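Please take these sequences and the hints and turn them into a complete structure.
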Amino acid sequence: MAAITIEGVSKRFGTAMALEQLDLTVADGEFVALLGPSGCGKTTLLRIIAGLETRSSGRVLIGDRDVSDLPPAERGLAMVFQNYAVFPHLTVFENVAFGLRMQKRDEETVQRQVKRAADLLQIVPYLERYPAKLSGGQRQRVAVARALAVEPAVLLMDEPLSNLDALLRLEMRAELKSVLKEAGTTTLYVTHDQTEAMGLADRIALMHKGVIEQIDTPTLIYSRPSSTFVGGFVGSPPMNFLNMTATGGMLACEGLSMRLAHEGPVMVGFRGEDVNLVAASEGLAFEVKVIEPMGSHQLLTGLVKGERVRVVASPQEVIARGMTLGLQFDAARVVVMDPQTGKAL
Amino acid sequence: MTKPAGSSFKGWLYGSGVMVLCVWVLLPIGLIGLGAFGGRPAVYQWPKTLMPASLSLDQLAVFLKIEGVWNAALNSVLAASMTMIMALLLGAPAGYALARFSFPGATLFRLMILLTRAFPLAILALPLTVLFIRAGLYDTAFGVSLVHTALALPFAAMITASLFAGIPRELEEAAWVFGCTRWQAFVKVVLPLALPGMAAAAIFAFVISWNEVFAASVLTVQQRTLTAYLLTVLSESPLHYRFAGGFILIVPSVVFIFAVRRYLFALWGVTSR
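So the protein lines, in turn, are chains A and B. For the first sequence, our numbering begins at 1 and goes up steadily by one. For the second sequence, our numbering begins at 1 and goes up steadily by one.
No wet-lab data here; the hints were simulated from the structure. Keep in mind it's a predicted model, so treat the numbers as computed, not measured. We treat Cβ as the ideally placed atom computed from N, Cα and C, and that holds for glycine. One thing to keep in mind: the hints can contain errors.
[Unchecked claim] Here are the simulated SDA-like pairs of lysine to any residue, each with C-alpha atoms no more than 20 Å apart in a straight line:
| # | chain 1 | residue 1 | chain 2 | residue 2 |
| --- | --- | --- | --- | --- |
| 1 | A | Lys343 | A | Gly235 |
| 2 | A | Lys104 | B | Arg182 |
| 3 | A | Lys104 | B | Phe186 |
| 4 | B | Lys188 | A | His89 |
| 5 | A | Lys343 | A | Gly264 |
| 6 | B | Lys188 | A | Leu90 |
| 7 | B | Lys188 | A | Glu74 |
[Stated by the list, open to error] Quick list of the computed label-pair ranges, beta carbon to beta carbon:
| # | chain 1 | residue 1 | chain 2 | residue 2 | range |
| --- | --- | --- | --- | --- | --- |
| 8 | A | Leu70 | B | Pro93 | 24 to 34 Å |
| 9 | B | Arg182 | A | Ser38 | 27 to 37 Å |
| 10 | B | Phe142 | A | Pro125 | 47 to 57 Å |
| 11 | B | Pro93 | A | Lys209 | 37 to 47 Å |
| 12 | A | Lys177 | B | Arg261 | 45 to 55 Å |
| 13 | B | Leu191 | A | Arg12 | 29 to 39 Å |
| 14 | A | Arg12 | B | Trp12 | 56 to 66 Å |
| 15 | B | Val254 | A | Glu53 | 43 to 53 Å |
| 16 | B | Ala259 | A | Lys177 | 21 to 31 Å |
| 17 | B | Pro196 | A | Glu273 | 50 to 60 Å |
Pasting the structure below:
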């Protein structure tokens, strides 16, 4: 077990900056998800940590060891690849045992560790088969078992669930969480799927254009985004933003009144489920344009002062298209952003 | 290829094209076989029949007793084996580099590999002979195999390049992460997966050497390869003995090529895996 420390890592591809002076610490035994849209540099960062990609500057530490210039083999980590990369010419047993054999462990240890990893991932019945005879989900399990069998200090995962179908993904997600919690391995997990990141991670590092926008627990990332990008990327529906003006140390409108040490125009962000729907006269006027019944809730899309807003209502509520409702805000659940920089105030 | 519609012109063209190609390849082989097993009557008989009137192995037996045939065959096997080994030892690393690394001039390099086939051997024959005599390589199986390696190398490099390109890079990366050096990853992961195709490339190189007659004739006097030897000896023999010799020459190549056809298709990007 060991922590991962990344200090000022940059990566240039020609003139394009893929990563800019990036710092990140993953504590011992922690599960951190690197979340971001495609092309944000999350996979590049993971490959730099694994030693599969060179960095332009900065340092990578695993535990107290500077591994920046070591080949992948000497970094003491394991990795699960997006397309599994299970060796087709070896049986499942030999696949899982691969890392241990490379470490020249004695036969007894190999047998024991493989058995344990196979038990954990429930692949014991397939140990003598070749990967060609396995389904995608089973190969995925083999790839994870291979990584866990070496009892790595650090586990890196590159979108390991993205090639599975939706139902299997849900199943593997829950299983992966319990398996990794049990193993207590320090894990860095790359994904572009926010539900995966929210469900699995202790902390989420949200990346955008080669920098980490915010790193926090899933709850805080969701409820207290540090920028309009984070608020707009995380959550379905994404966070709503309204342009308002703060005067005299107060931010006030119908349905909202809060203290604010900032003067001038601001952006007010709120989640669709964080507002109370009241009569039009008691809150900020919201004109309903579209109603989508989702089963567990209704998703309302409408206009507030000409700006588009999405609001979640309970399924019992009787709402018709064209109605005007009032929105009442909870000052504690509202985030205020600078409209110029997009950063939280 | 999609299933040709029987009635359409395209289907008819496709079908007749296949027919022409089959006749083009099979007819000479059939005639050689007829002459080799049917003896003198089958050679001069007209019209030809599908099977000779009397089958006999006499021609083949007589042919195999010709003085020097076995020595020439041994030289052929020696030259072909050395060609096979050298073509693969030199060609596979080139193929790996082409498949895995994007280096400046990769496209040019690919082109240059094929361009080595653009020089007619006839132009090179005289300077090569002089060079080989000076270097003491003249009239040796090794000397012949050097020239044959030059002929087989482009194919070895291109076949192995497409082989290696077909093996996902992630497999190698996984091997590195789990404790392999570059070389270990190649030996433990890439090589086992490429082995069947490598064998095909090797056999193809063998066949190129086995069939080659011009360089072998020019560069040897005593230590002739089978093709070169037959060219001199059989030019004076009766027709049915020539057919017997020809038959023995083509059988190994046809069998080998048939065995590895699947991998040779990969050279043209038609993969069946």
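(request) Hint by hint, work out which the structure violates, then give me just those numbers in ascending order. (result) 16
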